[in-house]
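Residue numbers (the working numbering), protein chains in the order written: chain A, 1 to 404; chain B, 1 to 503.
In short, the hints are calculated from the structure, not lab data.
Beta carbons: idealized from backbone N, C-alpha and C, even for Gly.
Incorrect hints may have been included.
[Claimed, not checked] Distance condition first, Cα-Cα at most 30 Å in a straight line; then the derived DSS-like pairs of lysine-lysine: (1) A:K254 <-> B:K388; (2) A:K278 <-> B:K349; (3) A:K200 <-> B:K423; (4) B:K322 <-> B:K275; (5) B:K202 <-> B:K223; (6) B:K81 <-> B:K160; (7) A:K198 <-> B:K388.
[Unchecked claim] Some residues of chain A that are not near chain B, with every Cβ distance over 12 Å (derived): (8) I109; (9) L116; (10) K214; (11) K278.
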Amino acid sequence: MKNSNLLDGSKVPLKLNLRLFSMVIILVVMWVFFRLQVGSFYFSGESFAKLSRDMVSWTILAAGATLVIVSGNIDLSVGSLLALCAATAAILINPDYGLGLSASIAVPIAILVGTLLGAFQGFLTAYFKIPSFIVTLGGFFVFRGMTQKVSAFDPRVPDKSWIVRIGFDYVPQNIGWIIGIAACIILAVVLLWTSAKKKKLNIETLPLWLTISKIVIFSLIILLFILKVNQYKGLPYQTLVMFVVLVALFIISKNTRFGRYLYAIGGNMQAARLSGIKVERKIVGVFALMGMLAGVAGVVWMAQNQGSTKNAGEFYELYAIAAAVIGGTSLMGGRGTIFGTFLGGLVMATVIQGMDYTSLDNWLQLVVRGSVLVLAVGIDIMTKNPPLWLQQFKYKLSRKNSKA
Amino acid sequence: MTEPILIMQDIVKDFPGVRALDKVSFDVLKGEIHALVGENGAGKSTLMKILSGVYPHHSFSGSLTLNGKKVEFNSTKDSEKAGIAIIHQELTLANNLSVAENIFLGDEICKFGFVNYSLMVSEAQKLIDNLQLDIDVRMEIAELGIGKQQLVEIAKALKKESSILVLDEPTAALTENETAHLLKLLKELSAKGKSIIYISHKIEEVFEISNRITVLRDGQTVKTDLSSNWNRQSLINAMVGRELSDMFPKVQSEIGEVLFEVENINVKHPQIESKNILSDISFKLRKGETLGIAGLIGSGRTELLSTIFGAPPGLRTSGKIKLEGEEINFQTPRQTISGGLAFVSEDRKNSGLVLGLNIKENISIVHLNDFCKFGFINENKEILKCEKLFDQLDIRASSINVLVETLSGGNQQKAVLGKWLIKQPKVLLLDEPTRGIDVGAKVEIYNLINKLKLNGVGIIVVSSELPEIIGICDRVLVMKEGKINAELEGGSITQEKIMENAA
Chain A
1 MKNSNLLDGS
11 KVPLKLNLRL
21 FSMVIILVVM
31 WVFFRLQVGS
41 FYFSGESFAK
51 LSRDMVSWTI
61 LAAGATLVIV
71 SGNIDLSVGS
81 LLALCAATAA
91 ILINPDYGLG
101 LSASIAVPIA
111 ILVGTLLGAF
121 QGFLTAYFKI
131 PSFIVTLGGF
141 FVFRGMTQKV
151 SAFDPRVPDK
161 SWIVRIGFDY
171 VPQNIGWIIG
181 IAACIILAVV
191 LLWTSAKKKK
201 LNIETLPLWL
211 TISKIVIFSL
221 IILLFILKVN
231 QYKGLPYQTL
241 VMFVVLVALF
251 IISKNTRFGR
261 YLYAIGGNMQ
271 AARLSGIKVE
281 RKIVGVFALM
291 GMLAGVAGVV
301 WMAQNQGSTK
311 NAGEFYELYA
321 IAAAVIGGTS
331 LMGGRGTIFG
341 TFLGGLVMAT
351 VIQGMDYTSL
361 DNWLQLVVRG
371 SVLVLAVGID
381 IMTKNPPLWL
391 QQFKYKLSRK
401 NSKA
Chain B
1 MTEPILIMQD
11 IVKDFPGVRA
21 LDKVSFDVLK
31 GEIHALVGEN
41 GAGKSTLMKI
51 LSGVYPHHSF
61 SGSLTLNGKK
71 VEFNSTKDSE
81 KAGIAIIHQE
91 LTLANNLSVA
101 ENIFLGDEIC
111 KFGFVNYSLM
121 VSEAQKLIDN
131 LQLDIDVRME
141 IAELGIGKQQ
151 LVEIAKALKK
161 ESSILVLDEP
171 TAALTENETA
181 HLLKLLKELS
191 AKGKSIIYIS
201 HKIEEVFEIS
211 NRITVLRDGQ
221 TVKTDLSSNW
231 NRQSLINAMV
241 GRELSDMFPK
251 VQSEIGEVLF
261 EVENINVKHP
271 QIESKNILSD
281 ISFKLRKGET
291 LGIAGLIGSG
301 RTELLSTIFG
311 APPGLRTSGK
321 IKLEGEEINF
331 QTPRQTISGG
341 LAFVSEDRKN
351 SGLVLGLNIK
361 ENISIVHLND
371 FCKFGFINEN
381 KEILKCEKLF
391 DQLDIRASSI
401 NVLVETLSGG
411 NQQKAVLGKW
421 LIKQPKVLLL
431 DEPTRGIDVG
441 AKVEIYNLIN
451 KLKLNGVGII
461 VVSSELPEII
471 GICDRVLVMK
481 EGKINAELEG
491 GSITQEKIME
501 NAA
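Bound-form chain A, shown alone:
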């Protein structure tokens, strides 16, 4: 009786997983392809370390962009904001043109600048009802302009500053192992503990074998990754920063009130408001979070480049949005996951890095990058919500085949 009105509602979670699964397959296919093209270097520890390193700054942006998009907004300013935060940190640290402050002071200030500017954009969006597309398009220009001023002399960061290590150094191999193993243990404990607690309260949960295989698969991936990067110099510090950010945002999106509210606001703003959600404040909040992440990404970018330049982070807002969208975030709002975005970022990074190795012309690289974005989203839509003409075409094809 309970199932009478249910057509395919119960299958939705499975569908989502199917989608992630197909993305993993795309990734594996690409890896195999590039391995054949590039040779054994492609699967070396150095290659892995580089891949994980190159994606850091815009994947951090993409994680924030996911939440912004989920809330029904968009942020086009993050690339410029990243540059401004990088420039701010660099000028504060640089002893020649700037203040020569210690990184321990400059970095928090840069992140704070990002947070405040993000919050201000959220404020304009939420309280003055200026569409976020317009506000952040404005921010895109304004922050770039300010970057050109602040970064007028392209300030460098001295070698002795600890922040440079984030960009260039590696976690020592044995500590890398400890981090990897600790991550696996935490994962196992958390999953088993929640599962046990659910069972005790008589709440439906995944069967034990599925939970365990989940733990095993993820642990294997983590340990394999550590093994690989340790074959080179170890886990890059910046990669570690990225993972910390991703895990934090994963938790925010899944387990906090704030995260839940963002999905509700993006899914149906009117219903959210009538449910007593203070919509305006949450929107300011998500833009502030985005700004903070732009600050973090800016600092990482500065560390990678040991200073700032006027055109730091150009196009990064678009990479961020692309990664989120490839990862299944809906531009209509209300849908999207951090894990999906991580996979989307990985797809983008793989394409970019792979093409670098095959030394494709720059113009062609851009063409491929853009095509991958449209293809990935296109395939997703075609499999999830095929348009009628495609359904008919498929049907006719199948009828022909069955006749033949």
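Following the hints, complete the assembly by docking chain B onto the known chain A.
Same frame as chain A, now just chain B:
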């Protein structure tokens, strides 16, 4: 009588895991109004989607015969060409275009790609005048009330010279007046030889208008018979499949002291500076009382509820609300929710539910704080509470993790109720609580209202269905043009009295 113009024979349609239609046969005679009734999920919409080509020819088994010839529809275009016009429950008009442009949408009067606007307007006006509708075709759709929009939709279908007209719940959003007008129009059309398939939950209408009635239940035809051979009770029993003794199971609750007071509310029209949407509204509500608010659409009923709830549709220039003698702020919904108010809004898809979230997430959203510590959601606590409501309200779905967009109307409505009843409110505001849902679910909702009443909750109900207002309310306020025009109590609550004061 004449030959059937349309015969649908042994239609079987399967969805993954469910047989939606099981050998359904259905026919329509020329010039008849054939009512198709059944609970939500009985298969009415599926049957009509087959007729309109939404489900292409190969996706079901059975045959369609139109004017004696077998037909295969592969798209909605095919069925339109064959002369079948469907007017859906959800209107499909372009809000930003004029009435004339909508009527000619996709079929504009053109020369060399340029639209002859004036000719289109005059043609459209002719059509509208023929139907005796009081509409200026140059107006934008958005400026018309929902009732008139419905009539425009019908005019649009008639323009295509369709021989079969399908109307899916056309009166769900209409007032009594508009409904009467529509029914009259349909009768005239059928007298001119058009065949009409009429889908409705409103039994009175069905009896008033139809020549024959077919009842579907769980994807099967229960019976097709002349309307005169059915009666109210036999029809309801056929739909529900069980005896439904009383549609409005009224309980006599102890009406206690004054619980809630509204004083002197004035709200300005958002666009028209000089106009008020609500003027000088004051009333009192007692514990355990059900107060009905009747009136035509546009009389300010919905606006009154949302204003009380802290979401006024325009600028509120004055007004106070008091709960248990204490004045409470009502600037935002959060304030009124904390005070103990709950508001089940009229349009569950636009303002009630977040369709992309699942049942659990929708139910817990209002009082999410109760499941949180330091901003982190205690998922287990949330699940246990939501499952309890899920069972109590008897929401039909496999689990609380099902997305609400996949639920039927009645179950969605129960989910909306669930989110407001997760904590018992002191005052419950209900706006069209049974709109577009089936008889069985309606009775469940009435029972729920009664239960809350016995617990001392004060309830305010806005409804366009007068039998419902009369059946469940202790007292009725009749609104007209933003003011309370009359207050009716006890025996004086009758259809006539209400209409007299509303129109």
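Hints and how they fare:
1. A:K254 <-> B:K388: 22 Å, holds
2. A:K278 <-> B:K349: Holds - the C-alpha atoms of B:K349 and A:K278 are around 20 Å apart, at most 30 Å.
3. A:K200 <-> B:K423: Roughly 25 Å between the alpha carbons, so the hint for A:K200 and B:K423 holds.
4. B:K322 <-> B:K275: 26 Å, holds
5. B:K202 <-> B:K223: OK: B:K202 and B:K223 at ~18 Å, within 30 Å.
6. B:K81 <-> B:K160: The given pair, whose Cα atoms are some 9 Å apart, holds under the 30 Å limit.
7. A:K198 <-> B:K388: 16 Å, holds
8. I109: 26 Å, holds
9. L116: 21 Å, holds
10. K214: Correct as stated: the minimum Cβ-Cβ distance to chain B is 17 Å, above 12 Å.
11. K278: 6 Å, violated
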